[in-house]
Structures are given as C-alpha cells and as structure tokens.
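Chemist: Below, each chain spelled out in residue letters.
6 protein chains.
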Amino acid sequence: MGKLTHFEDGKPRMVDVSDKRATVRVARAEAAVKLTPEAAAALKEGGVGKGDPLVVAQLAGIMAAKKTSELIPLCHPLPLSKVAVEVVFDEAAARVRITCEVKTKAETGVEMEALTAASVAALTVYDMLKAASKGLEIEQVRLLYKSGGKSGTWERG
Amino acid sequence: MGKLTHFEDGKPRMVDVSDKRATVRVARAEAAVKLTPEAAAALKEGGVGKGDPLVVAQLAGIMAAKKTSELIPLCHPLPLSKVAVEVVFDEAAARVRITCEVKTKAETGVEMEALTAASVAALTVYDMLKAASKGLEIEQVRLLYKSGGKSGTWERG
Amino acid sequence: MGKLTHFEDGKPRMVDVSDKRATVRVARAEAAVKLTPEAAAALKEGGVGKGDPLVVAQLAGIMAAKKTSELIPLCHPLPLSKVAVEVVFDEAAARVRITCEVKTKAETGVEMEALTAASVAALTVYDMLKAASKGLEIEQVRLLYKSGGKSGTWERG
Amino acid sequence: MGKLTHFEDGKPRMVDVSDKRATVRVARAEAAVKLTPEAAAALKEGGVGKGDPLVVAQLAGIMAAKKTSELIPLCHPLPLSKVAVEVVFDEAAARVRITCEVKTKAETGVEMEALTAASVAALTVYDMLKAASKGLEIEQVRLLYKSGGKSGTWERG
Amino acid sequence: MGKLTHFEDGKPRMVDVSDKRATVRVARAEAAVKLTPEAAAALKEGGVGKGDPLVVAQLAGIMAAKKTSELIPLCHPLPLSKVAVEVVFDEAAARVRITCEVKTKAETGVEMEALTAASVAALTVYDMLKAASKGLEIEQVRLLYKSGGKSGTWERG
Amino acid sequence: MGKLTHFEDGKPRMVDVSDKRATVRVARAEAAVKLTPEAAAALKEGGVGKGDPLVVAQLAGIMAAKKTSELIPLCHPLPLSKVAVEVVFDEAAARVRITCEVKTKAETGVEMEALTAASVAALTVYDMLKAASKGLEIEQVRLLYKSGGKSGTWERG
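Chains as they are written, first to last, in the working numbering: chain H, 1 to 157; chain P, 1 to 157; chain E, 1 to 157; chain V, 1 to 157; chain L, 1 to 157; chain D, 1 to 157.
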C-alpha cells in the first residue's frame, strides 16, 4: 500500500503479473470538456444530423483504449473484452461529458484503458471545436469504479 | 469562425491544408494531476533517485506527441521539430504539473500534439501512483499558447 | 514503363525519390460492398439515427489513410494534406459505395493512401454487417484518378 | 440475427464478449487482383528469382492480420495462433489470387483478421504493379470459411 | 530440429501454435554498446542527476518489447506478464551493458521480445551519445536463458 | 561536441531543429548475425527457392526504418525518401551480413533509421533460425557513413 509498485530499486519496470489469476475485471472512468460560449454554440449548431462530432469522439475513445499499452510505458498489453464510450452534450452545464467502460479477463486491471479512452475522447472533442474557440479545458479525468482482482471493488466516494 | 471546420455537409473529414503555407508553428499546453495525501506521500518517498516516476511521465508525453495523428481521427500527420515536456511535483499544492511545448514547420498547427503530450504524461503519472491511491484526478488540460499560421498568436488570458 | 520499379536486381526496396520535386498530388479511389438481402435489411433498419454504421466506416477509412506506409511495405511515409471519405448506401443496387480523396504535397503520389482508405472503410462495413450475413463481398477496389508528379494526370477510362 | 450487434441505442461500441468461452476459431478469406495485360507482363518478367513481388505481398498480409484491431474500430484485440497467406499468379485468368487462414483461441472470431490480411496483400500487389499499370482492380474480397464459437461453422456456398 | 519452422513449402507463415499449451515462459537477453572515449566521457559527465540517459534507454527497451510482433514479421502477438530492462554503465570496460527479462503465459516463447528490448535499448543509448561520437558499436545481442514450453530450459553455455 | 544534446538541465527532450535547413541526408549502417554450424546448415538447406528467409529479414528492415521514431524516444518523425536493405549469407564467415541505406530531405539526419533497419533485419534473421539454434549472436551494429547537415560527411575509419 502506498508504494510505487512500478519501481524496483528505484528503476521502472513492467510489474510481474504471472502469478496472478486471470479474472474478469471492469473499470469505468469519466472526463469532461468545459466549453466556452462560442464552442457551445458551434456544437449546438453543427452537431445535428449524421456524422455528429460526438460520434467521432466516441470512436476515438474506443480505438484509444486499444492503444493504452503503447502509450503508457509500464502498462501490460491486454486483450479487451468490451469497450463502451458515451459522449453527451450537457448544454445546461456547458460541458461535454464522457463516460467509458472497459472489461477484460486478465491478470491485471483496465483502469488505465478506461482513463485513456476518456482522455482521447475529450481531446477529440477539443480538436473538433478548436476552430470555434481555443479556450476549452479538459477536466475531471478520473476513475469512477473498478472491480476484479485481489484488490477487489473500488468506487469513487 | 465558430464553425465546425472538420465537417462538410455534416460529414467528418481531414481538412484540406494544401493551399496553406508551411510556416513555423508553436503550441504550449498544460495539465495537472490532483494528488490525494497517500499519492503525494508515495511520490515524495519514492521519487528520489534515478528512474524517478516524473521522468517516465515526461518520456511518455514526448512519445505521445508523435502519436497524435494516430489517436485524434481528423488530425494531420505532421513532422515535429521539437517536443519538450516538463513534469514537476508541486508539493504545496498537492499536484503534479505538466507543461509541454511542440514546434513544427508545417501547413497546420500543433495544438493537439501539445495537448496530447500533456494528457498522456498525466495519465502516466496516474498509472504510477494508482497503487497508492485510485482517487487521483487529471484537470486543467488546456492550451496555453499558440503561434504561427493565418490565425496568428493566441495566448490564454 | 512496365517495370517493377520497387525491385532492383530482383530485391525489393523503397524507391529513392530524393531527386523528385515536392508537388501537390491528388488521388481518388473507390470500393463497393455487395450486400446480401439480410445485410441490406439490417443496414436499412439500423442505420438511421446518430452513430450510423456508415460514419464508423468513414472514420476508419480516414484513419487508415494515415497508416498506409505501415501496411504497404515499400510505401513512403508521407504528410497528408487532405483525406475525405464518402460512404453511401445504394439501396437500389444493394451496395455500399465508398469514394476517397487524398491530397499531399510530396515527392511521390498518394494512390496507395486512397486505395487503403477505401479498402479499410469497406472492411469496416463488412465488420458491422457480418452478424446479419457473412456472405458480403468487397469488389471494385480501384483507382479513379490521380494528378501531380512527372507521370501527370490519369483517369479511369 | 440480422441485427447490427456493434450498436446499442444507435451508438457504436466494442461488443462485450466476456461471457463467451475461449475456443479455437478459424477463418479463411480470399481476394483477387485483376491484372491488365501490362501488369501481367511486368509480373511475369519481374517475378522470377528471389524477392519475388508475391512474397512481399504475402508478408504484408501476415503483418496486416496483426494490425486488424487497430484498423477496424470495433474489432477486439486478439492473440493470433496462426496466420498463413498464399499469393499465386493465375496467368490464365490474368489474376493474382490471395488466400488467407487465421486461427486463434479466443472469445470471438477472426473473420476480420483473415479479410484484412487478404485486402492488404492485394493492396501490396497493386502497389508493386502500379508503375506498369494503374488500371488494376481488387475484387472478390470475401470470407470462405469460419469455424468455432456459438454460431458454429459457416462455408461459402 | 534444424529446420526453418517459419517456412512451409518454401513460403513464410506464422506457425500454428493452437495445439500448444499456454504455460509460463521466461526469456533473458543481453546487449552491449561499445563506447569510444568521447562517448564514455560524455556519459560520465552528463549521466548524473535525474533524467539519466540510461533511464531513457531502459524505458525504450520496455516499450519495444511490446512492439515485437509489429517488428518481426512472423512473431505471434502475445500478452506479456513482465518486462524488466537493466542498463548499466560499465566504465572499466567502456561499455553500456543491457539485460532484459520478459515473461508470458502463452503458447509460444518470448525470446524475440527479450532480444528486441535489448536491441532497442542499445539503439537508444547510441542515439543519446551520437552527438559525442558516431563510432559506437552495438554487440553481443544474444539470448542468455529461456524456460517453458516443450523445448524446455536453455541457457547460454 | 561531446555533449548530451538530447538533455537540457538534466532532462531529456526532443531537440529543436526548426532553425536547421532541410537538406538531403544519407546514412548507411550494417549489422551481422554470427551463425552456429546448425543455423548455417539450416539456412543453406532452407534458403533456396522463393520466400527465402533473407527476403523476410530485408522487408522487416525496410519496414522498421519507418518505425524508428516510434521506437527511439527522442527521435524526430521524418519523411524518408529511400530505404534499401541488403541481407547476404556469407557462408565462409558463418555470418549473415546486413547493410542498409536510408535517405531523407529533412532538418536532421537518418543515422538512427539506418541502424534500426539493420537491427530489426538482424533480429528477424535470428527469429527465423532460432528453431535450429538459440546460440546466434548479433554483432557489429554500427554506422558506416553519413552525409548532409551541418556536421557534414562522416565515414567509419
């Protein structure tokens, strides 16, 4: 507890999980993009019809989950059994809200996969709205829930 | 202005930049990881010596900048002429602060590259501290500055 | 003319283009997915509303254009200045029709990028319809047009 | 049956396969490249000896099978236990014929891996012959056979 | 024994391992970078403090292990359960010495993953020292040990 | 001279090359695989006919050159204008010898691309011969020549 498990004698490594059991593991994460009035207006106006910007962000998030172990140096490459990403325009709060769920049956969890999916979906929202306004901000990228493995279930309080 | 330039007739595409001039373009972005007391303690204790977790995050950020066009569906693949990432433990504020600068000589800017580098560096900090505490949060992923191209210089107010 | 330019003394290599001039080059390609009645019905029924399967295929095509030089062994890695992919359900002909346009300013052309985008968009259509019917077929993956470079403009007769 | 299983409430996602059993699954697919007389002549003349263009296409197909889940947005990343690709010049029919077989032991099938391998092998044949003739056409990219999993064995009629 | 198992009828393929059992497999490999006096001096002088060049090489090695099946055409994509890379400056011998250990639970071994990690760590050392001296040389890239699978344990004599 | 140019204040970064001129740059590198008698015999016996193991290694080298900036953390992503890899069985010396040439027109050189191509071609030779003998060794991975850029021409003495 409280230890930097990715380090051994002060050197980074990919932790040995070969003694762990492959069990079903789930992680959920979220992120939000805080919009400026210009960006909110552009999204409202342009976001109807097919090819909606939020669908682009959703797909980017799904595909990013599969790239997690390429991006995060000490992450294990894992088979993923489910990736779902929701991207919703919360007009009242002037935010785009992203929620991701990732599942695997593996020796280690998928928290980073869920967080990576949420981050990349949020970056994609930024990319599509940056011509309207550069002042957007990504916030609240955080874990909501995880289950499976020895450390059991965790839920944001 | 205010338009979703990535869309044409409601359909996403990678915008045509072949008429633009290749000029030097710079972008700076930041991100922060809000630490819990357990995570701050683990970082303080484990972060001395070589192989420091912040160096892992820094390298992850640099390498992620090069993967931006693979992650963000409508981003142009660009040559990058500089990527610098700084990762600093702000103990007083209980935060890890990340700043990135990316440069190119190209037809389009590198805002997304700087933001992607900041996001992935922040995710890597999360990954290395998650054994200490799962309640960390990534916030303030945002552009600080951009210059070059027709739209000129922009700076966060 | 008529030679295998990728080969020298019977050995494959990536052709030297350092003497060529960087000029604007365009390529257009198409592909079609021949549907079974079950697949056409599933597409008709499920393809309304946001998140339309054809948008998924369109984005997959755009992203694949950027991966061309990773997939085709002797292709040069190129900056791309435009990628547009259109995916249309031609109900009368029981086909999904895909058209792609790719642009660059480079020493060599983007025919392979346009063809790769068309192929991967078609494969993605297949993937989304395969639960309805496995008997789909991808056909007519072919170049429609290219311009730029020493060999000039070519158009399918 | 006949449903778009990749969609839930009109939104794309990577289907949950965590309840399925990991069983041996096989898929076979094919593709053909229709040659022009110039391309057929170039292949005949240049294709003797080591480094044969067909070997380049074969390797490209094998390597592409491993990239399937990066290319097709909603595909699961899978371990592959076999990939074999055959590329044959059918001079009489003026075609290059490609056949692929992919095997895995996993919760979902490898149809897309076999089809992706066939497509990329065909694109590589195109790339190597395009200096001789741009009028080539890829056709008959289709599944031949699949076995394993709940839906059992399927064979093209 | 003594056969080219990657070839069948003279054609390369990814060998079928679906009949093999998934067992724990370990491989260890090493590499060395022979330094010139200028490079040794630059490393000695610049290698103190955080961000040490050897840490960059170590991380590059870890991340490269995960890319093995993308680099080596006939390698199977495998889940990895451990990757550890050590990079040490042997001043007396004027060498940087690299040792890697990779573990998996799979149907085939991880020799190539360990060798790839060692090679890329060595290339990264070269990259960081090449401004000081271009005359460096990578040598002794070789397997030290492997265990698991039908062929059992092997150790360099 | 003699400085670690990839580091600034003890921290790694991707060096700023935006002030440099894009000029034609060439690099040549080599590598050798030292064979055991068993491996030499397997290669002699199996290496005739199409699909020769040396062609697989050659293609792996060409494709790896394009992946250099993904593998070496501080390398700039560059367009490549030529990649040629030669792989020769030197039976008398019981070695497979690899030579690579890479060209670009860019702000920085392609030494790492040539060395990466040579290393991965050598690793691929190892992979194909490892069933015959695990005692192979990769050696003499080194730069032979570079030209272009401010530091001018360098040749191994």
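A couple of the hints might just be wrong.
If chains are identical, the list can't say which one is meant, so a pair holds when it fits in one copy or spans any two.
[Said to hold, decoys possible] Keeping only pairs whose Cα atoms sit at most 30 angstroms apart, straight-line, the calculated BS3-like set for lysine-lysine is:
{"hint": "1", "residue 1": "K11", "residue 2": "K44"}
{"hint": "2", "residue 1": "K44", "residue 2": "K130"}
{"hint": "3", "residue 1": "K150", "residue 2": "K11"}
{"hint": "4", "residue 1": "K105", "residue 2": "K130"}
{"hint": "5", "residue 1": "K44", "residue 2": "K150"}
{"hint": "6", "residue 1": "K105", "residue 2": "K44"}
{"hint": "7", "residue 1": "K44", "residue 2": "K20"}
{"hint": "8", "residue 1": "K11", "residue 2": "K130"}
{"hint": "9", "residue 1": "K34", "residue 2": "K82"}
{"hint": "10", "residue 1": "K130", "residue 2": "K150"}
{"hint": "11", "residue 1": "K67", "residue 2": "K11"}
{"hint": "12", "residue 1": "K105", "residue 2": "K67"}
{"hint": "13", "residue 1": "K82", "residue 2": "K11"}
{"hint": "14", "residue 1": "K20", "residue 2": "K105"}
{"hint": "15", "residue 1": "K11", "residue 2": "K34"}
I should point out that these hints are in silico values taken from the structure, not numbers from a laboratory. This one's a predicted model, so the numbers in the text were calculated from it and none came from an experiment.
Chemist: Compare the structure with each hint and give your call.
Modeler: Consistency of the hints with the structure:
1. For the identical chains of this complex, K11 and K44 are inter-copy neighbours only, at 15 angstroms across copies versus 49 angstroms inside a copy, given an alpha-carbon limit of 30 angstroms.
2. In this homomeric assembly, K44 and K130 come within 30 angstroms of each other (Cα to Cα) only inside a single copy, at 14 angstroms, whereas the closest approach across copies is 34 angstroms.
3. Taking the shortest alpha-carbon separations for K150 and K11, only the intra-copy value of 25 angstroms comes in at or below 30 angstroms, while the best inter-copy value is 33 angstroms.
4. In this assembly of identical chains, K105 and K130 lie within 30 angstroms of each other by CA distance solely across copies; the values are 20 angstroms between and 38 angstroms within a copy.
5. Within a single copy, K44 and K150 get their C-alpha atoms only as close as 45 angstroms, which misses the 30 angstroms cut-off; across copies the closest is 26 angstroms, which meets it.
6. Within a single copy, K105 and K44 get their C-alpha atoms no closer than 39 angstroms, and across copies no closer than 34 angstroms, so neither meets the 30 angstroms cut-off.
7. In this assembly of identical chains, the alpha carbons of K44 and K20 lie at most 30 angstroms apart only when taken from different copies (29 angstroms versus 48 angstroms within one copy).
8. When the C-alpha separation of K11 and K130 is checked against a cutoff of 30 angstroms, the pair qualifies only between copies, where the shortest distance is 17 angstroms, while the shortest distance within a copy is 39 angstroms.
9. For a Cα distance limit of 30 angstroms, the shortest separation of K34 from K82 qualifies both inside one copy, at 28 angstroms, and across copies, at 29 angstroms.
10. Taking the closest pair of Cα atoms, K130 and K150 come within 30 angstroms of each other only across two copies (14 angstroms); inside a single copy the shortest separation is 43 angstroms, beyond that limit.
11. Taking the closest pair of Cα atoms, K67 and K11 come within 30 angstroms of each other both inside a single copy (24 angstroms) and across two copies (21 angstroms).
12. Proximity of K105 to K67 under the C-alpha cut-off of 30 angstroms is found in both arrangements, the shortest distances being 17 angstroms within a copy and 21 angstroms between copies.
13. For a Cα distance limit of 30 angstroms, the shortest separation of K82 from K11 across copies, 14 angstroms, qualifies, whereas the shortest one inside one copy, 33 angstroms, does not.
14. Taking the shortest Cα distances, K20 and K105 sit within 30 angstroms of each other both inside one copy (12 angstroms) and across copies (11 angstroms).
15. Only between protomers do K11 and K34 lie at most 30 angstroms apart by alpha-carbon distance; the minimum there is 23 angstroms, versus 37 angstroms within a single protomer.
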